[in-house]
Amino acid sequence: MSEDYVLELEHIRKEYPGVVALKDVTLKLHRGEVLGLIGENGAGKSTLIKCCSGAVVPTSGKIRVNGKEFDRMTPQLAAENGIAIIYQEFNNVGELSAAENLFLGRPIRKGIVIDRKAMEEEAAKAFEQLQIKINPRELVKNLSVGYQQMIEIAKAIQQNAQVLIMDEPSAPLTTNEVENMFKVVELLRKKGVSIIYISHRLEEIFRLSDRIEVIRDGEYVDTLITPKATVDELIKMMVGREMTQKYPPRKDCIDKNNVVLELKNVCGNGNKNMSLQIHAGEVLGLGGLVGAGRTELAEVIFGSKPKESGQIILKGKEIDPKSPREAINLGIALVPEDRKRHGALLTNSIKNNINMPIYERISTASVIDSATEKKTAEKYKEEIQIKCPSINQLVKNLSGGNQQKVILGKWLAADSQLIIFDEPTRGIDVGAKYEIYKLINDLVEDGRSVLMISSEMEELIGMSDRIIVLAEHEMTGELQKEEFNADTIMAYASAIDKKEVS
Amino acid sequence: MKTSSNNLLKSNAIWLVFLAEVIIFAVASGGTFISSNNIVNITRQISYYGIASIGMTFVILIAGIDLSIGSIITLVNVVCAYLMVNMGVNMWLALLLSLCLATLIGVLNGAMVASIGIPALIATFASQTIFEGVAYLISAGRPISGFDPNFGLFGRWSLGPVPICAIIMVLCFAIGSFILNKSFFGRYFYAIGGNEEAAELSGIRVNRIKYLIYALSGLFAGLAGIVLLSRSNSAQSTVGKGLEFDVITCVVLGGVSVNGGVGRMSGVVAGVLIIGSLTNGMILMDVSEYTQMVVKGIVLAIAVGIDCISKKRQAT
Chain L
0 MSEDYVLELE HIRKEYPGVV ALKDVTLKLH RGEVLGLIGE NGAGKSTLIK CCSGAVVPTS
60 GKIRVNGKEF DRMTPQLAAE NGIAIIYQEF NNVGELSAAE NLFLGRPIRK GIVIDRKAME
120 EEAAKAFEQL QIKINPRELV KNLSVGYQQM IEIAKAIQQN AQVLIMDEPS APLTTNEVEN
180 MFKVVELLRK KGVSIIYISH RLEEIFRLSD RIEVIRDGEY VDTLITPKAT VDELIKMMVG
240 REMTQKYPPR KDCIDKNNVV LELKNVCGNG NKNMSLQIHA GEVLGLGGLV GAGRTELAEV
300 IFGSKPKESG QIILKGKEID PKSPREAINL GIALVPEDRK RHGALLTNSI KNNINMPIYE
360 RISTASVIDS ATEKKTAEKY KEEIQIKCPS INQLVKNLSG GNQQKVILGK WLAADSQLII
420 FDEPTRGIDV GAKYEIYKLI NDLVEDGRSV LMISSEMEEL IGMSDRIIVL AEHEMTGELQ
480 KEEFNADTIM AYASAIDKKE VS
Chain W
0 MKTSSNNLLK SNAIWLVFLA EVIIFAVASG GTFISSNNIV NITRQISYYG IASIGMTFVI
60 LIAGIDLSIG SIITLVNVVC AYLMVNMGVN MWLALLLSLC LATLIGVLNG AMVASIGIPA
120 LIATFASQTI FEGVAYLISA GRPISGFDPN FGLFGRWSLG PVPICAIIMV LCFAIGSFIL
180 NKSFFGRYFY AIGGNEEAAE LSGIRVNRIK YLIYALSGLF AGLAGIVLLS RSNSAQSTVG
240 KGLEFDVITC VVLGGVSVNG GVGRMSGVVA GVLIIGSLTN GMILMDVSEY TQMVVKGIVL
300 AIAVGIDCIS KKRQAT
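Chains L and W supply the protein sequences, listed in that same order. The first sequence: position 257 = 256 (numbering that gives the first Met the number 0), numbered continuously. The second sequence: position 225 = 224 (numbering that gives the first Met the number 0), numbered continuously.
Excised from the complex, chain W in its bound form (with noise of 0.2 Å):
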């Protein structure tokens, strides 16, 4: 009984943490924190993160890491924005051929780590330097705008009260999570991330599946691109710069283990929600760009802190 009721605990221990944080910054910022206006606004913020956070949660899984979506979040923001603007593309075309791009991106960190076995860490620390600098030569650094009207679709419409933004977020969590519990490439991700080797001997082909699992990376780091370009209606080549940091923050948070095999979906929208507000939170309080830094960094700290201790307590 003492057991199971420590586990439900320490399942919901990210929830509760979720719910002190509200009511501290509910009481400190005098109510604005949770008023209607600011929790539309929350979610349109995290909206994009959330997106990227589902396909960085399956490389983490697998005991990988993806540097490279903020990269893939600028150059999907700038190739779209060109498209549309300056070639007269069709809205939906470019959406669709940049998604392509941001998943050929991710099938090259797949090439780079399965194939060549270049560690995950340098192989997409290198990707994102490069498309990096793509977007800076295809903008020339100038911001891009002038959409067609309705591409505000997706980053600023809202069906009612809610955010489409919102709606595009809980669907794609949805994707995820039923990827990672009815789908057999869950159970692979699981496998490959608590043993690789043992993995591939049961008959898993392995290097597809880390080909697939960047490439699903990418086209979540480039649907969270879309987004963030539909809301800020105006392709920035900076726009995506430290992302991954956010995103691997919300994940690890969530409670997906950088050692791999360990994590669920739920963990991550908490996660997600975490993130969020704190840094909603922070800039209602008035809180600086760098103090912000300071705080993020420390709960990410804190946060790969509490995972790798529950592995060692789990060792004795």
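Chain L on its own, in the form it takes in the complex (with noise of 0.2 Å):
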């Protein structure tokens, strides 16, 4: 039977030392259908797809296109047999025109000269096929990242693929870029072309997939006719569990006479008289949108930026860090956006990333007490339930979750007051996300106080006991939890464009 399909992926497992990211996976593709591949993060779709392009070998298993058996892919082989992937970052070269770009690495020549006319001429061709309007002349670095995206797509139909698996299409993508790029599919479905979509946005699984996957923990779950799913249903195969709650009830635990951190007209890193107040035990959310200056706030209150005017006052001392070090000593801890690039120490152990910020406090004469560091971070490995086979695991190694989980271990080991939280849950999935939200919840009820900076409208309000929305550099509005509102914060967020209407 196995001609009705296209690609077949059979039981692929793949090791890595310490972790297994794929235990096993199947997935059948039929001619000309849209697949939905959905699945938590670390689930293992990226490391699925990436066994189909070639850029990661399967430990076992067997990769079938169109009947031909193959152990391992190469991006050779996967070219050859049809198979194209468009990632989440395009391989573009922005100096290059439309055209070049469709024919980058294959260019059509004229003896030893290119022929730019011709390929303009294919491309024009190649898009018109698409019904996308883009100047074949122009160059890609002033196309909008939509239509860099069909570019990529173009290319892959141009060499013939058989097989386009989209990673995350949408995530860059305007509402009406989505739209094009959605009528853009359904033209590749009825053209024959099968199509492996992979998103987190189960609405869009849902519009455009004839099928849906799941997988889980690097293991297949199920596969459901579209029509007859549900997104409960989904939601439920993807996490293991119903989620009954999405914010864990907290105990009420501020304590209004004890003010941890105050502003006082704070100006610096770009921000204008910054001024707040954060109370024991009380999760202080910061609201506003991307490049409003919350990114910026925290950077000056951890000692990573420096301050130009205005107080900071901790514990009713006025101080002012001039290093995240001197912060650290002082009790203040950030947890950043970019995990991997400012969080964790990926090539590091779990037991060096929790004692990096106590190294000089647990050493004699520069000698570190081993026991010690040792005790710490098992202790924190058990009390915040980070999961891995042994605290010498090398960080890189671990979910996001866990790697989160792992900084959060490391400001706990700095016994930290207050806790800077800078979009906590950034790429982490449904499950673990729970698990985040309830360590907060630990934190303030143990008395310590946390700001948390969060992009996500509904985690802002539901984890938040007062919010300040920052828009532009400047403060612009503080809300009590009586009066917590979508609306009402959006509107503060974009309230310089008000101030021009009025």
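It should be emphasised that the hints constitute simulated quantities derived from the structure, not laboratory data. For clarity, every value in this text was computed on a predicted model and none was experimentally measured. Don't take each hint at face value.
Derived DSSO-like pairs: lysine-lysine, alpha-carbon spacing no greater than 27 Å straight-line [claimed, not checked]:
| no. | chain 1 | residue 1 | chain 2 | residue 2 |
| --- | --- | --- | --- | --- |
| 1 | L | Lys395 | W | Lys295 |
| 2 | W | Lys310 | L | Lys395 |
| 3 | W | Lys181 | L | Lys373 |
From the two separate chains plus the hints, produce the assembled complex.
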């Protein structure tokens, strides 16, 4: 029966040292269908598609393309067999024209001279086929992200791709661009191209796909016929349990008489006149649009960027941390937005990560007390339930949620009293999100204070005790819990525009 | 089970290479290579760049490079000799002053790299040229000799059959290994080599550590210079030229990744032994100096190549 399928992945398994990324995943793709592939972050979707492209070599399993069997793919084999992948980052060269990008690496030539005219004609034809309007002579850097993606798709089709794998194709696009991309997907399906469509957005999956395959923790869960599937059912399959509550309940633990941090007219790092108070046991939410100055404010409090004027008062004493080290010694911690770049030390062990801020504290004459080092790491591994075989595991082999926990463990070890979270659950899957929220609750119930930057409205409202909104590097509003309302927050977040109107 | 035996093989592969090399040279030289005389010879030859390779290990661990150590070795030779011979300074004081100078040059490298932000390759390339010139200016290109006979302690004397300089090298390796494994500085080195930004945000004062590392690289190079001066018993203003090449080769061959964050002291010991025996073996076999250069260059390229390939493998 295998001739019914364009692409079959059978019992794919991929092991990395210490971690099994894929346990046993099977995927079958019919000719001319759109298969939605869903799963939480860390479920193994990326690894699976990398097995198709040849970027990852499976430990075991079979890959069958049009009935031809392979143990592994290579980028060349994938191309020869008509498998193309549209990644989230494009492989375009900005300084070349749309046509040249379409023929990147295999230009149309007359002898040794590039035949620009022929390429432009071919490109025009290719774009027309997909009903997209791109001037073949336009430099790619001048095109919108949506069009750049279209060039990638056109390139794949030009190279006779029969299987197109799209990894979160809507993520970088605006609403209009998403609509155009959908049209192209429909068009390709009619032309008989088979598509694997990976997305976090279930509504897209429902709209586009014929069937939906769910994977979880590196294992195949089920494949459903799209019209017969429901959202609840899919979420349950992805998470492996029912999501009754998104935000865990929290005891009332705010100590209104105990101001932990106070900012008075703080300027610096682009921000103007920041004034706020955070109490012990409180989660203060910091809302606003991307670029409003929230991360910049966190950097000033954490000492990684200088303050120009104003006062920062911690527990009644004015402070002026000049480096993260000074801030850490004062009990301030930052869990940064970009976990892999700024947060975790990926090539170091869990043990080293957790102890990193306190090594000087647990050393005598620069010699580390290795018993304390181990005990501390074990303690926080237990306390915040970092899932790992051992504390000697390298952090790069952990899932996003567990990496975030390691970073938090580091700050608990440093005995931080004020913890700033910058987008605490970005890129973390649904199940692990709940655990992070619970940990934030534990922190404040323990008398610590949390400043939480979040661009997810629901999270901001669900987790904060109070919300302060920034817009264009200024504070534009403050809301008490009873006033929380998405529309009001959005209005404050775009306050500058409103001023212009009035 | 398969992976653990693989790892065991991989972590000891470098020692197998060394063993193979020894056997080949032993056979090819008809046993001369492993005569006790020649083994003592090799230990003397490797001691100075063994010592210098410790500082270089730290530097490469944080994804830096120090091209100035050859010049530091030359300058220490010239300055220490000048102090003792031309100025009549006591041997120990001259030694101390020379080591201070070497450390200071390291601090200067640290300042250029950490505070100003000059790429390490260029910063240390500049100081290489500067201090090579300074050494010439001091010595006027003439060799300086006629030291206190006790100065032979560091390079020529032996304790029983064991050369003192070999003991110094072993002590230095022990100190280096201690710094890397037992002190918090070692943890900081690995953290910075892995991800400088995240290290800073974890509370490491990255700039201070960089100063420290380049200073240590200078200090160990200075110590290597003293050992070399004692051994040759005469200061030449060309003596250290190109030594950084051998030292970097030892370190990289020893498994310290040029991308930073990965490497062990024991590997570097193996690297030093391999390059030391290779040099000695080639001399025994009457291989010309130029052919030696070709061979060593190839060894460096292969060592870095293996490092890069294993990194690529990890990615798939």
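Results for each hint:
1. L:Lys395 <-> W:Lys295: Measuring from Cα to Cα gives roughly 35 Å; hence the hint is violated.
2. W:Lys310 <-> L:Lys395: With Cα atoms ~14 Å apart, Lys310 of chain W and Lys395 of chain L stay inside 27 Å; holds.
3. W:Lys181 <-> L:Lys373: Within the cut-off at roughly 13 Å; holds.
Checked against the numbered hints given earlier, this structure breaks only hint 1.
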